[in-house]
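Given chain A's structure and the hints, the job is docking chain B with the ligands onto it.
So the protein lines, in turn, are chains A and B.
Under this note's numbering, the residue at position 188 of the first sequence is numbered 188, and the numbers go up by one with no gaps.
Under this note's numbering, the residue at position 174 of the second sequence is numbered 174, and the numbers go up by one with no gaps.
Check before you lean on any hint, since a few could be wrong.
Here are the simulated EDC-like pairs of lysine to aspartate or glutamate, each with C-alpha atoms no more than 20 Å apart in a straight line [claimed, not checked]:
1. Lys49/B with Glu67/A
2. Lys49/B with Asp80/B
3. Lys276/B with Glu67/A
Since the hints were derived computationally from the structure, they do not count as laboratory data.
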Amino acid sequence: MSGEREPGNGGRARLWERLKAGLNRTHARLVEQLGGSLEAGEPFDEEARARLEEALLGADLGLATTELLLERLEERSARARGAAPLRDLLVEEVAALLEEIPAPPEEGPGPRVTLVVGVNGVGKTTSIAKLAARELGAGRRVLLAAGDTFRAAAIEQLALWGERLGVGVIRQAAGSDPAAVVYDAIQAARARRADHLIVDTAGRLHNKEHLMNELAKIRRVVDREAAGWACRTLLVLDATTGQNALSQAREFLRVARVDGVLLAKLDGTAKGGMVLAIGRELGLPVLYLGVGEQPEDLVDFRPRDFAAALLE
Amino acid sequence: MFDGLQGKFQQIFRQLRGEGRVGEEHLRAALREIRLALLEADVHFRVVKRFLERVEAQALGEDVLQGLNPAQQVIRIVRDELVALLGEEGRELQLSGQPAVVLLCGLQGSGKTTTAGKLARRLAARRRYPLLVAGDLQRAAAVEQLVQVGARVEVPVLTPETGEGVVALGARALRYARDRGHDVVLIDTAGRLHVDAALMAELQALAEAVKPCETLFVADAMTGQDAVRSAEEFARALAVTGVLLTKLDGDARGGAALSVRSVTGLPIRFVGLGEKPDDLELFQPDRMASRILGLGDVLTLIERAEQSVDAAEAERLASRMARQEFTLEDLRDQLRQLRRIGPLQSVVDLLPKGGAMGKVEVGDAEERRLKRIEAMIDSMTLAERRNPTLLNGSRKKRVARGSGTSVQEINQLLKQYLAMRKMVKSMQGKSWLKRALKRR
Ligand SMILES: Nc1nc2c(ncn2[C@@H]2O[C@H](COP(=O)(O)OP(=O)(O)OP(=O)(O)O)[C@@H](O)[C@H]2O)c(=O)[nH]1
Ligand SMILES: Nc1nc2c(ncn2[C@@H]2O[C@H](COP(=O)(O)OP(=O)(O)OP(=O)(O)O)[C@@H](O)[C@H]2O)c(=O)[nH]1
Ligand SMILES: [Mg+2]
Ligand SMILES: [Mg+2]
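Isolated chain A (complex conformation) (with noise of 0.2 Å):
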């Protein structure tokens, strides 16, 4: 899987250290209320038990992932008394939950789409440029098919990164059918041979019937017009979006089969724990995270560095 990927130049581990340092914010914050259990050999008794939980529910993991985790680190600690700080235990078994979610299929060479999708304001266009300058990077050919004709200056957005980042951009006139944009895009990459179209399309809330259609009629043009190319569902979350973000998941997957979530805004305060019931549940593996506004700011998912962060 992508997270796999050797870096294209020395710039990652400047942006996990951007990463940390963002969920770092909160980290004297979190220490406090861990307290004491963070000590090594402290038992995992009352206190330390309401202490952790706090720690993850702020995290927001939600209630049944954090009582899940607690009751696998009680069972560790029994087993480990004394040997490592409770937290370590527990940053082991968050990796370890998000271990367990099945990483998506390797990516064929030959020519690929991705379809970019996700409720109102969570970063889509954005991601689609970072995701755009990394291709770039690694010296692929990349078109953007501006799907989103709906959204005020949607289409200029998409445009002026296309510009940006000196590549091309399918798009046709505010209010056309995004699923004919998308048709078209798809002719376009053939014709120009590009290795990689990435398709924006317009910020949907997940519970809106008809703007859930489109969007099935949209993965139905993809799959019948890239027929034979690699084609891939990227869901975009909001690391600050609390418990709905499993109901958005949930929904995406079943009307756009979501191949893995891009989970942004994790520069700020927000933990995005909730990726944790979304693997879990769903099945659906979290594949890179956004931490910032410009196209270098992106990283891909490691489950260790994202459990230390989460608790950090």
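Coordinates of chain B with the ligands only, in the frame set by chain A:
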């Protein structure tokens, strides 16, 4: 969900009744359910904790366990407490200054630019003469977005000149507004993280320069535990006068409202209910409380119905329903009323979820189908509408021709009508409907 919570409460307390005694352990079980519901609604864990302590104290103080229906009473306490914590009802913008300045701020993608358009329209509808200011110099095409939003609501937009900073733009906007007679200036700003010191300082400098009478923190209703942090930080940096909660047309329970309100004390003023310029309403604490607990937003539905349904008509329907006469004519009238209230999906979404109704999806196809149903009923004679058994084969053919539909569709309609009549009868006991119709 509320059905769920309510059901669980009933169960807990029924058990205890069966045992002949209501004990504190039952109250604790109920509190555990409340905790679960609140956490699932994204209320901050500390706020949940405090909330439960208050509910418990009150339940014990009022001695609800000795009362007739402890489940109902606990629910009432929970709901009242929630409503109280959510604070006052939303207030319109409080404008002062020449021009009055309204500043919108918040995290990235929360809905500031869209909201600027909604507020501009709202002000224009109240005979104000607003000016929109494109103060987002960061995001790609942010200025163009506001220009288009402004065009849509027919409110002029002031855009930055090359090289002009946000603070200079703000100052120029005030002069520009005075020159042109704009009485309100609405400033859109770039989304920013509360931990971004440089951008927060820039926002402070802008506020310093334009002296807003209203500074609204625009927050996404789907926000989780982080809502408290970001709201606190924005409120620390600026004299925030209120919160505007967007994207409530989604299915998030919106516990962030409770968290933000109880941690910062900031009043929640407006809610965003869609992407269109009219999708903005004043905040209603009682509805928000029901929503956080999972009860459908019945009150909103009732209010919208009150606005668009003619009272005499509703009265007539109510009495017909009470007499259990429900003809095809009534059905058609109801459909018309429904469509006046709003797109069907938005109506259905407001109904309580779960229970008999379940999750109902209404698409454009359904909307079209409703129009066809109306056409079919319109094509019937008065006698047929009142007594559908008159509709034999040849009459059906005539109606089908008249309405551009088919006999098959008419048969389907009749079947549905019969089912509906049954439902109407069964709804006699449904208090929310009665209340809905009685409140006028
Ligand atoms: N801090 C931060 N901001 C981000 C990140 N990703 C996107 N943003 C910002 O979030 C806001 C929304 O991003 P967009 O890319 O426009 O989001 P979208 O999902 O395309 O929005 P719609 O098309 O309106 O649904 C913009 O201000 C972006 O700059 C991120 O990883 N970190
Ligand atoms: N469904 C729904 N969508 C909304 C609502 N308010 C805003 N949006 C959508 O949310 C997305 C982001 O809205 P914007 O107004 O661009 O948000 P912003 O805060 O200005 O974003 P940045 O300037 O990038 O920080 C867009 O797709 C809007 O159409 C709402 O109340 N309901
Ligand atoms: Mg977009
Ligand atoms: Mg904006």
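Here is what the structure says about each hint:
| no. | hint | verdict |
| --- | --- | --- |
| 1 | Lys49/B with Glu67/A | holds (17 Å) |
| 2 | Lys49/B with Asp80/B | holds (17 Å) |
| 3 | Lys276/B with Glu67/A | violated (40 Å) |
The structure fails hint 3 only (numbered hints given earlier).
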